[in-house]
Amino acid sequence: MTTMPVSSWGRLAQPLHHIVALRDATAVPDLLRTGQGAGLAFGMGRSYGDVCLNDGGTLWKTTGLDRFVSFDEQSGLLVCEAGALVRDIQRLVIPRGWILPVTPGTQLITVGGAIANDVHGKNHHVLGSFGDHVKRIRLVRTDGSIIDCGPSEHAEWFAATVGGLGLTGVMTEVQIQLRRTSGPWLDTETIPYAGLDEFFTLADGSESGWEHTVSWIDCLDRSGRGVFMRGNPATRTDIPAPAKVGAGMPVVPPVSLVNGPSLRAFNTLYFNLKKHRAGRQQAHYEPFFYPLDNVPNWNRMYGPKGFFQYQSVVPRDVARDAVQAMLEVVSRSGSGSFLAVLKTFGDRESPGLLSFPRPGATLALDFPNKGEPTHKLFAQLDAIVMEAKGRLYPAKDARMPQAMFQAGYPGLEEFSKFRDAGISSALSRRLMGS
Amino acid sequence: MKRIAIIGATSLIAEQSARLWVREAVALTLVGRELSRLERIAADLRVRSPQSSIVCKVTDFADARAIASFVDDLDAEGGAQDLVLIAHGTLPDQKACEQDLVVAREALAVNGLSPVLFAEAFARRMAEKGQGTIAVIGSVAGDRGRRSNYVYGAAKSLVDRYLEGMRHRFAGTGVRVITIKPGPTDTPMTAHLKGGVKLAAPEDVAAAIVSGVEAGKPVIYAPFKWRIIMAVIRALPTVIFNRLNI
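Same order as they appear, the protein sequences are chains B and H. According to the UniProt record's numbering, the first sequence holds residues 1 to 434 in order. According to the UniProt record's numbering, the second sequence holds residues 1 to 246 in order.
In short, the hints are calculated from the structure, not lab data. Please note that a few of the clues may not be correct.
Computed list of lysine-lysine pairs in DSSO-like fashion (alpha-carbon distance at most 30 angstroms, straight line) [to be verified]:
{"#": "1", "chain 1": "H", "residue 1": "LYS198", "chain 2": "H", "residue 2": "LYS129"}
{"#": "2", "chain 1": "B", "residue 1": "LYS376", "chain 2": "B", "residue 2": "LYS389"}
{"#": "3", "chain 1": "H", "residue 1": "LYS57", "chain 2": "H", "residue 2": "LYS129"}
{"#": "4", "chain 1": "H", "residue 1": "LYS129", "chain 2": "H", "residue 2": "LYS2"}
{"#": "5", "chain 1": "B", "residue 1": "LYS305", "chain 2": "H", "residue 2": "LYS95"}
{"#": "6", "chain 1": "H", "residue 1": "LYS95", "chain 2": "B", "residue 2": "LYS244"}
{"#": "7", "chain 1": "H", "residue 1": "LYS129", "chain 2": "H", "residue 2": "LYS217"}
{"#": "8", "chain 1": "B", "residue 1": "LYS376", "chain 2": "B", "residue 2": "LYS305"}
{"#": "9", "chain 1": "H", "residue 1": "LYS129", "chain 2": "B", "residue 2": "LYS244"}
{"#": "10", "chain 1": "H", "residue 1": "LYS217", "chain 2": "H", "residue 2": "LYS95"}
{"#": "11", "chain 1": "B", "residue 1": "LYS244", "chain 2": "H", "residue 2": "LYS57"}
{"#": "12", "chain 1": "B", "residue 1": "LYS305", "chain 2": "B", "residue 2": "LYS275"}
Listed next, the stretches of chain B that the computed footprint assigns to chain H, with coverage defined by at least 3 CB atoms under 8 angstroms from CB atoms of chain H [unchecked claim]:
{"#": "13", "segment": "194-208"}
{"#": "14", "segment": "284-291"}
For the chain B half of the interface with chain H, some residues (derived, Cβ under 10 angstroms), not all of them [what the hints assert, rightly or not]:
{"#": "15", "residue": "VAL79"}
{"#": "16", "residue": "GLU81"}
{"#": "17", "residue": "LEU92"}
{"#": "18", "residue": "PHE405"}
All C-beta atoms in this analysis are idealised placements derived from N, C-alpha and C, irrespective of residue type, glycine included.
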């Protein structure tokens with residue numbers, strides 16, 4: 001065991017943790033049973049706030065549990081250890097005609113993390129969230145017991161564990177139903193839009209004909225200009241070598257490079273670039289799904305104090321007004337992000353008790369950590385989300401008030417019955433009291 | 001298919017190397033002490049490479065007779081190996097070795113004697129055939145004795161010198177003998193090491209091994225920077241070296 005500072009993707013803090021590397025899946029029950037103090041499974045540390053942290057406690061590092069167990073090329077059923085990376089799965093199965101049905105905006109995450117946060121992708125309206133495609137989870141509890149759960153086997157444990165923020169046990173092995181694909185290419189279309197009404201018209205109009213939809217929105221522009229991107233799997237089948245990873249941010253700059261003037265310049269440049277390149281194109285899945293993976297450590301550009309991501313979902317009937325109100329607040333503050341993402345979720349229930357996706361529109365905003373002014377801005381945004389009866393995404397959160405979490409997640413009380421007493425996170429202590 | 005055997009196949013560096021080797025179809029034998037752990041690794045490799053043939057075998061790593069008959073049997077089954085990676089080892093507690101000679105002897109046997117006996121055993125059939133590659137994982141720690149880990153260092157130094165001799169013996173033939181010297185790597189063996197040097201990622205060390213073996217380099221430092229660091233450390237005069245806390 002070793003003690004070292006660990007931070008999440010937002011780099012807001014670097015608390016010390018005791019690190020225990022998991023390598024042998026069959027040894028995990030004994031290891032957890034004999035551990036001291038509350039621990040938490042930790043994969044790639046790509047969640048933004050404190051959901052993956054456990055200040056002063058233990059982190060069980062799962063990236064050593066990265067083995068494939070079996071893959072049936074006829075049925076597309078993949079069994080792997082929970083620390084396997086989404087990237088490695090995609091690179092294994094796509095050349096064989098299969099693909100993970102749902103992936104988020106980075107592939108540098110473990111499947112365990114994808115399940116614990118029940119992540120979603122650009123195709124939520126067609127295929128739901130990650131948990132919708134998980135057939136079985138092997139869950140190891142800190143008393144050493146093992147629970148194999150799935151949609152029809154110990155379904156209550158499954159519902160608690162999907163989106164369960166790692167608090168119900170440690171996942172060691174999972175079974176995922178993959179989806180047929182013709183290859184790694186997508187037919188995509190990029191469409192600039194001038195306001196939220198245009199966005200919603202595009203989003204609604206793309207629901208039936210397009211599998212992937214997402215948009216970037218200029219959060220400094222009150223009118224809501226943005227760029228809408230949609231895509232469908234293409235029939236092109238050649239498999240090019242993975243792109244060389246760029247240099248990224250080799251060091252942490254002394255101050256955030258994201259500030260008022262740089263942001264305005266960047267957003268205008270980006271909008272005009274995209275406008276210029278509007279239209280139909282073929283895109284490889286890696287840059288289309290995971291555009292920022294090619295910029296390693298992009299999170300460092302926010303400087304030594306780190307940054308927050310604020311991702312909300314609001315119900316569809318009030319979505320337009322709520323998003324408009326949030327953009328106005330952000331625009332007035334002059335503090336905003338390169339990476340404002342707006343997309344609609346499909347009209348479907350999520351599989352987990354604490355899953356984030358719900359019917360409506362989700363807006364994700366990044367903010368450099370400027371202390372008090374940033375928290376004041378969040379309080380204003382919170383009021384809009386609460387009023388709209390929306391909720392925030394725990395995987396991104398480092399600061400939401402407990403009352404907001406309780407109001408947003410009605411499954412919380414039921415969820416608490418499935419918690420593992422030997423597991424705790426900074427987020428669970430902050431939002432659930434233990 | 002190319003025949004590859006990995007001794008100490010549950011080591012993290014060995015496992016990562018195997019993942020790279022199975023990118024083409026190979027006949028791979030994984031050798032270790034615990035069958036269940038070997039089988040989990042084999043299952044993973046089979047998913048990655050359905051066209052490869054992968055078998056697991058357990059053996060005694062300490063007994064010279066057992067090593068000799070194990071390698072004989074393995075070679076008798078399908079002919080000499082094209083490539084052998086000998087990767088087993090432990091990182092002993094230096095203080096415990098100083099206090100308990102049994103611990104010291106064990107550390108010397110596991111990290112020094114056992115690997116070279118395997119190398120010698122595999123060399124027999126390769127010598128007859130006139131070709132094959134034997135790659136053994138040594139360590140930068142074998143390049144100079146240091147107070148913090150000279151028992152381990154001495155064992156790895158034995159490996160280094162032994163392989164140097166084998167290289168001399170096979171010069172001009174098709175048999176290659178390769179010494180791999182990883183710097184401190186982020187593996188279970190080093191899990192208790194704190195701070196100080198930045199540990200190398202096992203997949204990067206594996207990539208250096210696989211490309212170095214491919215190129216037939218006699219000595220591979222992984223990552224490369226350790227070649228320079230150790231050249232400096234070896235060149236330090238004793239009066240200066242003895243004052244350093246390394």
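Consistency of the hints with the structure:
| no. | hint | in the structure |
| --- | --- | --- |
| 1 | H:LYS198 <-> H:LYS129 | violated, 42 angstroms |
| 2 | B:LYS376 <-> B:LYS389 | holds, 20 angstroms |
| 3 | H:LYS57 <-> H:LYS129 | holds, 24 angstroms |
| 4 | H:LYS129 <-> H:LYS2 | holds, 15 angstroms |
| 5 | B:LYS305 <-> H:LYS95 | violated, 42 angstroms |
| 6 | H:LYS95 <-> B:LYS244 | violated, 45 angstroms |
| 7 | H:LYS129 <-> H:LYS217 | holds, 21 angstroms |
| 8 | B:LYS376 <-> B:LYS305 | holds, 17 angstroms |
| 9 | H:LYS129 <-> B:LYS244 | violated, 41 angstroms |
| 10 | H:LYS217 <-> H:LYS95 | violated, 35 angstroms |
| 11 | B:LYS244 <-> H:LYS57 | violated, 38 angstroms |
| 12 | B:LYS305 <-> B:LYS275 | violated, 33 angstroms |
| 13 | 194-208 | violated (count 0) |
| 14 | 284-291 | violated (count 0) |
| 15 | VAL79 | holds, 9 angstroms |
| 16 | GLU81 | holds, 8 angstroms |
| 17 | LEU92 | holds, 7 angstroms |
| 18 | PHE405 | violated, 36 angstroms |
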